[in-house]
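Modelling step: build the complete structure from the supplied sequences, incorporating the hints.
For the record, in the sequence shown the residue sitting at position 28 is 28 according to the working numbering, with numbers rising by one throughout.
Hints should not be assumed to be uniformly reliable.
[Unchecked claim] Under the rule of at most 25 Å between Cα atoms (straight-line distance), these lysine-lysine pairs were calculated in the PhoX-like manner:
#1 160 with 170
#2 140 with 102
#3 56 with 8
#4 102 with 144
#5 160 with 102
#6 102 with 116
#7 170 with 123
#8 144 with 8
#9 144 with 116
#10 123 with 160
#11 170 with 116
#12 170 with 140
#13 140 with 8
#14 56 with 140
Bear in mind the hints are in silico, worked out from the structure with no lab data behind them.
In this text, all values refer to a predicted model and were calculated from it rather than measured experimentally.
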Amino acid sequence: MTVAPPLKLLGKVAVVTAAGQGIGRAVAERLRDDGATVFASDLNADLMANLAGVDKTQLDATDETAVQTYFSRFDHIDILVHAVGFVHQGTIEQCSIEDWRKTCTITMDSAFHIAKAAIPHMKENGGSLTTIASVASSLKGFPKRAAYGAAKGGVIGLTKAMAADYLPNKIRCNAVCPGTIDSPSLQDRVQELSLDLGSIEAAWNFFLERQPSGRLGTPEEVAAICAFLASDDAAFITGQCLQIDGGITI
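Below is the structure:
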C-alpha cells in the first residue's frame, strides 16, 4: 500500500506572483500540492486560465496602488514567493536608459512593492518570504546581462536586509537563485539570441554549454526549493541565497 507524503504546508496561506508560467506557475502548483491555500497572481490573467485549485487574480506587481489593494484582502499570510522579473539581453553599451529603467521597474520595484505590502500580514505569526533572484547577479557575472545582473543583485540585497529587519518577527527571508532554467522566459531569450548567432540550435547550445551539469534546470526543481523554504523544515534558514544552478557557480 502506497502512503501519501505528508502535506507539510496544510493550513498555510501562500501568495505567489508571476504564477502564469515558468517558475512562478511551478511554485504555485507545488505549494498547492503540499497543502497550502494558494493565491496566485500574474500580469497576464489568461496564462492562469488552466491553473487549477488556486485563487487567481490579475495583478501588475509594479503598480504600488494595485499591490496594496490586492494585499488588503488578507488577514494573514504565511508564505510569499515573488517571481516577477525581466531579462534584458545586452551589454551596458547595448542597454538604453529605457531598457535599464524597465528592468529595474519590473524586477526590483515589484519586489519592493510586493514585500512591503505582504510583510504587515506576516509580522504577527511569522512566515517565509522567498524572492526568485538569479545566479546572474551579485553572485556571478554573465555576458550580456548588465541590467539583469544589477537588478537581481538588488533583489538579493533587499532580501538580506529584510531578513535582518524581520528576524525578531520570525519572518524568514531568502533568495532562490536559479541557473539556466528551461522556461518560457528562456525560450524568448533563445529566439532573441538566435538572431545574433544565426540559428536556434546555436542559441540553445550557448545556454547548454555554460551549464556544467550538461542540462538545463526545470521550474519544478526550483519550486521544490521554494516549498522547502516555506516549510518548518527550513525554520533555521534566513538571509540566504540558495543556488540551484547545476554547478554554474562552482
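Checked hints:
no. : hint         : in the structure
1   : 160 with 170 : holds, 14 Å
2   : 140 with 102 : holds, 22 Å
3   : 56 with 8    : holds, 22 Å
4   : 102 with 144 : holds, 16 Å
5   : 160 with 102 : holds, 23 Å
6   : 102 with 116 : holds, 20 Å
7   : 170 with 123 : holds, 7 Å
8   : 144 with 8   : violated, 40 Å
9   : 144 with 116 : violated, 31 Å
10  : 123 with 160 : holds, 17 Å
11  : 170 with 116 : holds, 16 Å
12  : 170 with 140 : violated, 30 Å
13  : 140 with 8   : violated, 33 Å
14  : 56 with 140  : violated, 35 Å
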